[in-house]
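Number of protein chains: 6
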Amino acid sequence: MKDDAHIRLTLSRGEKITSGMDPRLNQKGCTLIVLAEWKPPVYDNSKGIELVTSSQRRNNPVFLDSHIHHNNLLNNILAKIEANIAGVDDAVMLDKDGFVAETNATNLFMTKNGVLYTPFAKACLNGITRSLVMEIAKSMGIPCKERDLTITEFYGADSVFTTGTMGELTPVNFIDKRAIENLSNCSILNRIQIQYTKKTQSLGEPLPF
Amino acid sequence: MKDDAHIRLTLSRGEKITSGMDPRLNQKGCTLIVLAEWKPPVYDNSKGIELVTSSQRRNNPVFLDSHIHHNNLLNNILAKIEANIAGVDDAVMLDKDGFVAETNATNLFMTKNGVLYTPFAKACLNGITRSLVMEIAKSMGIPCKERDLTITEFYGADSVFTTGTMGELTPVNFIDKRAIENLSNCSILNRIQIQYTKKTQSLGEPLPF
Amino acid sequence: MKDDAHIRLTLSRGEKITSGMDPRLNQKGCTLIVLAEWKPPVYDNSKGIELVTSSQRRNNPVFLDSHIHHNNLLNNILAKIEANIAGVDDAVMLDKDGFVAETNATNLFMTKNGVLYTPFAKACLNGITRSLVMEIAKSMGIPCKERDLTITEFYGADSVFTTGTMGELTPVNFIDKRAIENLSNCSILNRIQIQYTKKTQSLGEPLPF
Amino acid sequence: MKDDAHIRLTLSRGEKITSGMDPRLNQKGCTLIVLAEWKPPVYDNSKGIELVTSSQRRNNPVFLDSHIHHNNLLNNILAKIEANIAGVDDAVMLDKDGFVAETNATNLFMTKNGVLYTPFAKACLNGITRSLVMEIAKSMGIPCKERDLTITEFYGADSVFTTGTMGELTPVNFIDKRAIENLSNCSILNRIQIQYTKKTQSLGEPLPF
Amino acid sequence: MKDDAHIRLTLSRGEKITSGMDPRLNQKGCTLIVLAEWKPPVYDNSKGIELVTSSQRRNNPVFLDSHIHHNNLLNNILAKIEANIAGVDDAVMLDKDGFVAETNATNLFMTKNGVLYTPFAKACLNGITRSLVMEIAKSMGIPCKERDLTITEFYGADSVFTTGTMGELTPVNFIDKRAIENLSNCSILNRIQIQYTKKTQSLGEPLPF
Amino acid sequence: MKDDAHIRLTLSRGEKITSGMDPRLNQKGCTLIVLAEWKPPVYDNSKGIELVTSSQRRNNPVFLDSHIHHNNLLNNILAKIEANIAGVDDAVMLDKDGFVAETNATNLFMTKNGVLYTPFAKACLNGITRSLVMEIAKSMGIPCKERDLTITEFYGADSVFTTGTMGELTPVNFIDKRAIENLSNCSILNRIQIQYTKKTQSLGEPLPF
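Residue numbers (the working numbering), protein chains in the order written: chain A, 12 to 220; chain B, 12 to 220; chain C, 12 to 220; chain D, 12 to 220; chain E, 12 to 220; chain F, 12 to 220.
Keep in mind the hints are simulated off the structure, nothing from the lab.
Treat the numbers as computed from the prediction; the structure is a model and nothing was measured.
Be careful, since some hints might not be right.
In silico BS3-like cross-links for lysine-lysine, where the CA-CA straight-line distance does not exceed 30 angstroms [what the hints assert, rightly or not]: (1) K188(D) with K156(D); (2) K149(E) with K27(E); (3) K58(E) with K39(E); (4) K210(E) with K156(B); (5) K123(C) with K209(B); (6) K123(F) with K209(A); (7) K156(A) with K210(A); (8) K39(A) with K50(B); (9) K39(B) with K50(A); (10) K188(F) with K188(B); (11) K27(C) with K50(D); (12) K210(F) with K149(A); (13) K39(F) with K27(F); (14) K58(D) with K156(A); (15) K58(B) with K188(F); (16) K156(B) with K188(B); (17) K123(A) with K156(A); (18) K39(B) with K149(B); (19) K156(D) with K149(A); (20) K50(F) with K123(D); (21) K27(F) with K27(E); (22) K156(D) with K149(F); (23) K58(E) with K149(E); (24) K58(D) with K27(D); (25) K123(D) with K188(F); (26) K123(C) with K39(C); (27) K149(F) with K123(F); (28) K149(C) with K123(E); (29) K50(B) with K123(B); (30) K58(E) with K210(E); (31) K156(F) with K27(E); (32) K209(B) with K27(A); (33) K156(A) with K149(D); (34) K123(C) with K156(C); (35) K210(D) with K123(A); (36) K39(B) with K27(B); (37) K27(C) with K123(C); (38) K188(D) with K123(A).
Sequences are here, hints too, so could you generate the full structure?
See below:
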């Protein structure tokens with residue numbers, strides 16, 4: 012019964028002596044919350060998911076730096092609610108300039124004519140799975156470019172997929188009810204997925220018990 | 012022992028069945044957290060406070076609507092840390108266009124030549140005390156204008172004060188080490204403070220025990 | 012058979028001598044296109060409509076001035092497609108700063124505690140019906156304010172309605188699946204609608220045949 | 012009489028059953044408009060052209076994605092009118108951040124110290140001739156960089172040229188009345204032009220009659 | 012020989028002990044530069060002037076607060092150069108959102124249907140003549156509104172004029188080669204000019220010699 | 012007595028015939044100001060400096076192109092005043108999007124895991140020392156990337172340093188009171204400094220007397 016165990020680590024600034032924003036009110040040190048549960052990957056990666064574009068923009072360093080991994084995710088939650096209303100899995104969030112940032116929960120990749128593209132980590136989390144996918148692509152000789160990408164480019168991609176710790180690599184079948192159709196004969200996603208599975212199996216730390 | 016009691020109400024979306032952003036994971040209804048404590052006003056309003064301008068901008072509806080009263084205040088906390096580093100009480104936060112929004116914890120007002128000014132409630136909370144102050148000013152015949160205001164205009168104001176539930180009306184003596192000096196012979200702040208004290212005493216709900 | 016006749020006037024810059032953007036290629040004067048058809052109002056105003064918020068922002072004078080009444084409405088059409096996908100009537104378009112601009116086809120109004128609000132005509136067309144509604148409100152002593160308004164404020168409005176030449180005054184029942192519920196006992200919309208009907212009947216030019 | 016024939020293809024969404032923005036009003040399928048005419052290249056490429064910088068910004072994906080090749084070119088037309096008023100050939104359009112986007116009708120390139128530069132395809136059309144020029148440069152070992160470029164950098168370039176289907180490669184002699192003077196001994200433009208002519212002659216599809 | 016004398020006052024932070032930006036390098040106090048010359052008003056107000064819209068945006072408080080009256084006017088000078096190139100008197104500068112700010116040298120007003128309009132003092136200097144004109148309008152019962160105004164609205168105005176210390180009230184006849192034509196029968200500008208002349212004559216301090 | 016001599020060259024547009032912004036008022040040609048003084052480097056590079064982040068944003072090409080090397084540095088001076096108030100050496104200025112631009116006086120570099128990073132020259136001067144450092148890094152096989160970088164990334168860098176003509180390469184020990192700690196065993200800064208000293212000694216023009 013060791014499979015599908017999931018541990019969520021949250022570091023709080025700790026107990027406060029009174030309500031207030033000042034970090035000096037937290038005088039007993041930080042609190043590490045370890046939330047463990049049995050939890051399989053959140054998406055069915057053999058089947059894929061469907062997305063809509065949210066009206067809610069992903070915040071940027073003017074307001075909150077996406078290089079800080081935090082819990083202030085209310086605007087992502089508002090985007091997720093739009094996905095729920097639309098009856099789809101998740102929502103694409105654009106950045107302030109109208110370029111694709113990520114979904115409310117994962118990073119986004121697209122492939123076109125044999126090249127792998129992903130948005131700059133300006134208005135999205137520089138995720139661990141995202142980095143690993145870029146590293147795998149490089150090691151396999153697949154060109155991988157960070158770029159400003161529009162939702163129109165995603166509509167016309169050969170394939171689109173999301174990456175995240177809990178979802179791993181998940182194909183996207185529809186964005187805004189437009190089918191993502193592979194008109195090339197490249198299968199970058201499949202090739203990376205195979206390497207990804209190998210990597211996570213070999214890189215994983217074996218349980219000592 | 013009934014004085015200086017303070018109740019902080021927080022409405023959480025409630026218990027989740029697993030970690031995740033989706034509100035549908037909260038299936039048992041909301042949780043109302045009632046945090047009560049003895050707590051006097053946070054500022055010494057007879058003495059006043061000192062501010063610096065933060066490098067951290069206050070978020071706006073592109074990212075998170077300030078008309079939602081929420082707990083996602085990490086960028087305000089980052090501004091408060093700048094105030095701590097500078098050895099002053101709180102930090103002025105500008106909006107994305109460089110106009111004054113509010114402090115990390117309170118709304119801001121300034122007076123100049125007999126007129127009361129406060130920023131539009133675009134990138135700041137439309138606070139209860141803020142509304143009450145505007146209402147009092149109106150009832151006293153003091154012109155009160157919502158406007159885009161720059162930090163330079165605050166430097167040159169006759170008086171500056173903050174408003175908030177916990178701090179009430181608090182004079183600001185220095186912003187960025189520049190003294191706020193009353194070169195006019197208007198004393199709008201004092202006159203409003205007297206009315207405010209009257210109002211809160213008469214509007215308050217008497218304890219039934 | 013004179014009822015519900017609708018005439019759409021389009022002024023083109025006229026015939027070109029060759030393809031190209033230069034207005035000097037149009038050398039024969041302008042062409043006025045008069046498109047007449049029997050067409051009833053596009054919405055059922057006794058029943059009302061439903062909206063979703065689009066991911067597509069309404070353009071502003073940086074790119075194209077909304078004071079020019081033109082046919083370059085591709086981004087409105089993209090918003091309308093989002094409404095179609097969501098199975099609702101029309102889409103709310105926000106402006107570049109995240110404030111409500113208008114729907115893809117009409118202006119927007121909301122009422123709250125006896126006051127009528129509508130966005131500034133910065134990123135929306137300064138429509139004829141919009142102006143007439145503001146004029147009627149003024150004449151009836153209903154306070155009417157142009158302001159930066161967020162979608163959250165529309166969710167919490169007492170009533171929301173759209174205005175347009177073809178739709179006249181149309182109640183909005185749902186935005187993003189949130190019901191617009193009148194918690195006050197004001198019925199500004201009904202009172203204005205009655206005056207609007209009177210006005211359009213008296214202001215209309217009688218047919219000479 | 013087969014030279015200088017030009018065919019302009021326009022894909023319309025087709026006949027509507029009534030006026031309106033909803034694509035569902037187009038029920039008979041799309042209409043392909045084939046506009047053919049004898050038309051030589053629009054610029055005299057042996058002589059070059061003159062530009063001014065327009066006050067009109069090129070739209071970006073916040074409002075309309077430049078990856079969509081459409082006819083909503085009113086803001087380009089407004090820029091062209093500025094060029095007409097100034098008595099020059101075309102106008103440089105900047106993007107929302109003040110960087111050079113393109114002219115109202117073509118893409119823009121500049122050379123400096125042996126390097127070829129062109130703006131990112133963020134606020135300009137990713138034109139076919141633009142792509143071909145970049146491909147040619149690469150094949151000739153000329154470094155070619157997409158970058159945010161300012162109008163000041165164009166003033167000081169060794170050479171500036173535009174690219175487009177109808178104009179091909181056109182030297183720019185003046186921008187805002189400042190002469191573009193080649194102070195280096197590089198002649199990137201000439202070298203690319205020779206290859207371009209070869210390419211278009213060999214890549215062209217011979218007429219079957 | 013006392014007419015048309017002009018005094019320009021410039022307050023420098025004073026002599027520096029070495030080159031550098033730090034104000035602490037200025038240790039001898041400020042220097043007041045008094046530049047006096049015989050200089051008539053810079054425009055022929057009986058005839059009026061001509062403007063073009065500059066590609067150069069007027070800075071705003073994100074970068075430099077227009078409430079600071081300073082000499083860092085390089086972007087205004089760049090706008091003036093565009094006016095020179097176009098062979099007209101001055102250039103209209105837009106703000107970052109595409110609304111009219113002012114000219115490179117003066118504030119701007121327009122009249123339409125009996126109402127006087129001028130941009131908010133957000134991206135323009137809150138000029139002394141501007142304030143006086145607004146005050147005069149108020150005293151004469153002419154409605155005067157600060158508003159976000161587009162260049163299109165100026166094209167269609169009944170009249171446009173500039174205000175400044177050196178130019179006083181100057182009619183604008185053309186903007187971007189479009190004639191400003193008074194289609195109403197209001198003559199707000201003339202009426203204000205008469206009052207302005209009276210005011211400056213009576214408010215002026217008589218020379219003591 | 013030839014060491015530490017410093018020459019500051021300033022090119023003015025020259026003498027004006029009257030006050031005014033128009034360059035045509037400068038009719039006698041430009042004036043070159045040569046300011047020579049004995050002046051050692053402004054920072055103690057063996058010890059390093061301390062920075063705070065300014066609330067003042069660095070201007071960008073919307074308002075003033077950073078590729079123009081000019082004296083309109085009032086917003087840098089305002090940032091420097093913030094550094095003075097905070098009791099530190101200089102201030103980090105962010106660009107309009109919240110990314111790091113430069114300090115009020117120098118360019119900024121950071122190193123992380125063996126890679127050298129510096130902001131794009133979009134909102135900072137493309138300084139000579141900056142270019143030389145990038146060139147040296149390249150020649151030594153140290154990867155050097157221009158990128159959008161946040162202040163959070165600088166907090167977590169292995170090392171941070173500034174570059175400028177007067178300061179050369181200066182280590183930064185603290186930003187916003189957070190110590191910059193080298194957790195890797197890379198010493199990119201030292202290695203570049205050695206090469207920089209060699210370069211400036213060999214590239215310098217020997218005095219002819």
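Against the structure, the hints:
1. K188(D) with K156(D): 26 angstroms, holds
2. K149(E) with K27(E): Violated: K149(E) and K27(E) sit about 46 angstroms apart, past 30 angstroms.
3. K58(E) with K39(E): Violated: K58(E) and K39(E) sit about 47 angstroms apart, past 30 angstroms.
4. K210(E) with K156(B): 28 angstroms, holds
5. K123(C) with K209(B): 28 angstroms, holds
6. K123(F) with K209(A): Given pair K123(F), K209(A) holds - Cα atoms ~28 angstroms apart, limit 30 angstroms.
7. K156(A) with K210(A): At roughly 21 angstroms apart (the allowed maximum being 30 angstroms), K210(A) and K156(A) satisfy the hint.
8. K39(A) with K50(B): At roughly 20 angstroms apart (the allowed maximum being 30 angstroms), K50(B) and K39(A) satisfy the hint.
9. K39(B) with K50(A): 20 angstroms, holds
10. K188(F) with K188(B): Within the cut-off at roughly 19 angstroms; holds.
11. K27(C) with K50(D): Distance ~14 angstroms between K27(C) and K50(D) Cα, so the pair holds.
12. K210(F) with K149(A): 35 angstroms, violated
13. K39(F) with K27(F): 8 angstroms, holds
14. K58(D) with K156(A): Since the Cα atoms of K58(D) and K156(A) sit roughly 39 angstroms apart, the hinted pair is violated (cutoff 30 angstroms).
15. K58(B) with K188(F): 28 angstroms, holds
16. K156(B) with K188(B): Satisfied, since the Cα-Cα distance of roughly 26 angstroms is no more than 30 angstroms.
17. K123(A) with K156(A): The hint holds at about 11 angstroms.
18. K39(B) with K149(B): 45 angstroms, violated
19. K156(D) with K149(A): 21 angstroms, holds
20. K50(F) with K123(D): 35 angstroms, violated
21. K27(F) with K27(E): Holds: K27(F) and K27(E) sit about 24 angstroms apart, inside 30 angstroms.
22. K156(D) with K149(F): 18 angstroms, holds
23. K58(E) with K149(E): Measuring from Cα to Cα gives roughly 26 angstroms; hence the hint holds.
24. K58(D) with K27(D): 46 angstroms, violated
25. K123(D) with K188(F): 42 angstroms, violated
26. K123(C) with K39(C): With a Cα-Cα distance of about 52 angstroms, the restraint between K123(C) and K39(C) is violated, given a limit of 30 angstroms.
27. K149(F) with K123(F): Holds - the C-alpha atoms of K123(F) and K149(F) are around 16 angstroms apart, at most 30 angstroms.
28. K149(C) with K123(E): 20 angstroms, holds
29. K50(B) with K123(B): 33 angstroms, violated
30. K58(E) with K210(E): Roughly 22 angstroms separates the two Cα atoms, so the pair holds.
31. K156(F) with K27(E): Violated, at about 38 angstroms.
32. K209(B) with K27(A): 33 angstroms, violated
33. K156(A) with K149(D): Status holds; Cα separation ~18 angstroms.
34. K123(C) with K156(C): 11 angstroms, holds
35. K210(D) with K123(A): 25 angstroms, holds
36. K39(B) with K27(B): 8 angstroms, holds
37. K27(C) with K123(C): Violated, at roughly 51 angstroms.
38. K188(D) with K123(A): With a Cα-Cα distance of about 42 angstroms, the restraint between K188(D) and K123(A) is violated, given a limit of 30 angstroms.
In this structure, the hints that do not hold are numbers 2, 3, 12, 14, 18, 20, 24, 25, 26, 29, 31, 32, 37 and 38, in rising order.
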